[in-house]
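Asker: Sequence:
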Amino acid sequence: MKHGKWPELALDEIMDDAVVGLKVCPLCDALNARGNEVCFVCDWRGEFRRDRETIEDGLLSMMSRFPELVEGFAPYRKPTFRERMGRWWQRVSSRP
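Everything in the sequence shown is counted per the numbering used here, starting at 1 for the first residue and increasing by one.
A portion of the hints provided could be inaccurate.
Cβ-Cβ distance ranges computed for the label pairs, FRET-style [unchecked claim]: (1) Arg34 <-> Trp88: 17 to 23 Å; (2) Pro96 <-> Glu37: 55 to 61 Å; (3) Trp89 <-> Val38: 48 to 54 Å; (4) Asp17 <-> Val92: 37 to 43 Å.
Bear in mind the hints are in silico, worked out from the structure with no lab data behind them. Glycine residues also receive a C-beta, built at the ideal position from the N, C-alpha and C atoms.
Please work from the sequences and hints to get the whole structure.
Answerer: Put into structure tokens, the structure is as follows:
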């Protein structure tokens, strides 16, 4: 599966977690938390789609429409010493 803009984000792990924690409403195609008994968008009460392909498609569609959410899925990476020093220098050198 090609993930376009997000190859560096370990999407296989994200998708594995999504399959475990999400489901898709068959009426409105909204992603819902697995624990929800009712669709938060359309109030559907019934069976939800829980297959991996449907959940992955829904998640990729959501990330395409709202790219700012992708950062929330990225694992935290501690800045390197060089990055921290660069930011410090920018702050110091930009002071009046």
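Asker: Please list, smallest to largest, the hint numbers that this structure does not respect.
Answerer: 1
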